[in-house]
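Trainee: Below, each chain spelled out in residue letters.
2 protein chains.
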Amino acid sequence: MYARPAHFYARILEAPLHFARIPDKAAISHAGRLQREKKTKELKGESDSTSKAKPWVDQDLQDDTEIPSPNQGDDEEDDPGSELDLPHVPYAPPRYAVDSMLERSRDFYTLLNQRRSVRFISPEPVPREVIDNVIRTAGTAPSGAHTEPWTFVVVSDPDTKHAIRTIVEEEEEVNYRQRMGNKWVKDLAKIRTTWVKEYLDVAPYLLLIFKQTYGIGTGGKRKTHYYNEISVSISCGMLLAALQNVGLVTVTSTPLNCGPRLRVILQRPTNEKLLMLLPIGYPSDDATVPDLKRKPLDDIMVHI
Amino acid sequence: MYARPAHFYARILEAPLHFARIPDKAAISHAGRLQREKKTKELKGESDSTSKAKPWVDQDLQDDTEIPSPNQGDDEEDDPGSELDLPHVPYAPPRYAVDSMLERSRDFYTLLNQRRSVRFISPEPVPREVIDNVIRTAGTAPSGAHTEPWTFVVVSDPDTKHAIRTIVEEEEEVNYRQRMGNKWVKDLAKIRTTWVKEYLDVAPYLLLIFKQTYGIGTGGKRKTHYYNEISVSISCGMLLAALQNVGLVTVTSTPLNCGPRLRVILQRPTNEKLLMLLPIGYPSDDATVPDLKRKPLDDIMVHI
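These protein sequence lines map, in sequence, to chains A and B.
Taking this note's numbering, the leading residue of the first sequence gets 5, the next gets one more, and so forth.
Taking this note's numbering, the leading residue of the second sequence gets 5, the next gets one more, and so forth.
Because the hints were derived from the structure by calculation, they are not lab data.
Where hints are given, some of them may not hold.
All copies of an identical chain are treated as equivalent in the list; a pair is satisfied when it fits inside any one copy or across any two copies.
Result set (PhoX-like, lysine-lysine): computed pairs, CA atoms no more than 25 Å apart in a straight line [said to hold, decoys possible]: (1) K227 / K299; (2) K225 / K299; (3) K225 / K297; (4) K227 / K297.
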C-alpha cells in the first residue's frame, strides 16, 4: 500500500470536476486565455473573428432531453473525490515478449476487422451466460471519476421486444416521411425497408444501453456524471469487441426520439437516458452486409 | 451480390441525417410528439412542466470549440448516402460451439478486467508495428454513415512530446489554481502532483485522438459527421482492448482547454478537434493504481 493524496485519484478520465461552479475566476482566466490564443492566432495569420475558444464543457449537460428533477438546484454533491480516497496498490499486468506482442496485435486486428454491423439476425437462442460475460466486459471500461455511468438493459421477453419495435418504428416512420422532400429519398416503397426493423422482434436479445447523466450521493444530493456519454461509448466499444470475440453480431443504432418512451416502458429512472439500442444474436444464414471498405492505416494515422 | 436500395445502407449508426434541415415539418411533428408524450406523462402522473422532449440532436453540433470555416453555409454536401450506394455481399463470421463461446467470453472478460488506467509508464521502447496494429484495430469501429471520423496522431518525437506536456501542464495549472476556493482542494503542494504529468515526457508514445467534426465532399462541400464523438469514443474502447491484449498501458485523459493549441502544434486541420490524449507504453516497474473496485453485474445490468 502506498499513501498518495486523495484528489490524486479523482480524475480517471481527467474530468473537469466542478469547473463550471466558479464563473467569476473562470471568466478572468478565460480572458487571459483568449489573450494568449489571440497571440497564437496572430502568429499563424488567423483571423481573430474565428476565436471562440472556451473551456470544454460536457455536452451532456446541454442535452435537450434533460428532464429537471425536484432535487435540482444548488445542492449538488460537493465532494466527488471523497469516494476515490483509496490507497494505491502495485500493478503488474502480463508482459509478453516482442514476438508474442506482434502476433497478438495481428490476431486481435484480424478478429475485429471481421466485425460488421449486421441487420439480419437469427432467432436461435444464445446462452444467457455469454451475454452476462459480454456485459461484464463492457463494465471494465474507464469512466469519468470512476462513476461507471452505464445501465445495460437486456430484453428477451417477446412482448417487451415487440413494444420496443412498435415505438422505434413509429418514430422512424415519422422521421423518414419528414424527409420525403429531400432528393435522396425518392421512393416510399424503398424507404419502408429502412424504417421497418424486423430484427427487433427476431433477435433473441435487445440490449438498450442507458447513460446515467447524474447519480445520487450521500444525503440525496445530485452528483453530475462528467463525460458520461464518452464513458458509455467507450464501454460500448469494448462490448462490440466482446461480441465479435464470441461470434455474435449486432448493429449499433441510436434510435431517434425514442429515448423517453423506451425509458418509461423499461421503467428506468429519470437520470438515465437511452444512448444505444443493439439487437444481439447469431447472424441469419442469409445475412448480408454492404460491400464497404475501411480506410487504410495511412488515412487514419499520422506519426510525428 | 444482392440488389438493395441505396439509402438502405445510409445509417450505420442510424444517424438522423439531414433531420435538422426541415424545421417546418419537424415543428409540426414535434407538436404531435409532445401531445403524445403529454398523454404518457399524464398516465404516469408526471407534471407537464417537465416536458422538454425534442428530437435528438448531435451534441457535437453545439460544441463551443467549433471554429467556423470560410466554407460554412448552405452548401453542405446534400447526399451523404451516395457514397454508400454499395452492393450487399454474404456475411458469415466464425461460429463457435456453445462451450467454446462460454470459454471465450470468460477469457476475454478476464483479460479486460485486468485493465487499469496507469499513470506510471516505462520509457522502454515499444515496437512501432504493435502500435500500428492497435490503431488498425481501433479503425474497425462502426461510425455514423461509415464516415470513420477519426485521426490518430502518434507522437514519439521527444521535442514534440515535451511541447505537448508544456501546454497540458500550463492549462492544468490554471484549472487547478482556479479551484483553490473549493474545499476539496486544500493544499497546493498536494495539488501539484495532479497537474504535473511526467508521463507525457516519459511514455514512448503519446496518442492524440482527434474527432473529425465534418468532412469535405465532392466539389469542396462540407459534410457534417453526425455522431462523430460517439463514433470516436467507441473506437477508443476497441483501442483500449487492443492495448490490453498486448500488455501495454495508458490513461484515458481528456485534456481541458488544450485542444486548439495542441491541434496547431500537431498541424491538424480546423475540422478536427482533440477528443483524448493517451500516453502509451509498458507500465513502470513501480507502477501503482488506486485500489478501486468495479460494480458487480447486478448493479449494471437489468434483465427483462
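Trainee: All hints are to be evaluated individually against the structure, with a verdict given for each.
Mentor: Status of each hint after checking the structure:
no.: 1; hint: K227 / K299; verdict: between (40 Å within a copy, 17 Å between copies)
no.: 2; hint: K225 / K299; verdict: between (47 Å within a copy, 20 Å between copies)
no.: 3; hint: K225 / K297; verdict: between (49 Å within a copy, 23 Å between copies)
no.: 4; hint: K227 / K297; verdict: between (43 Å within a copy, 19 Å between copies)
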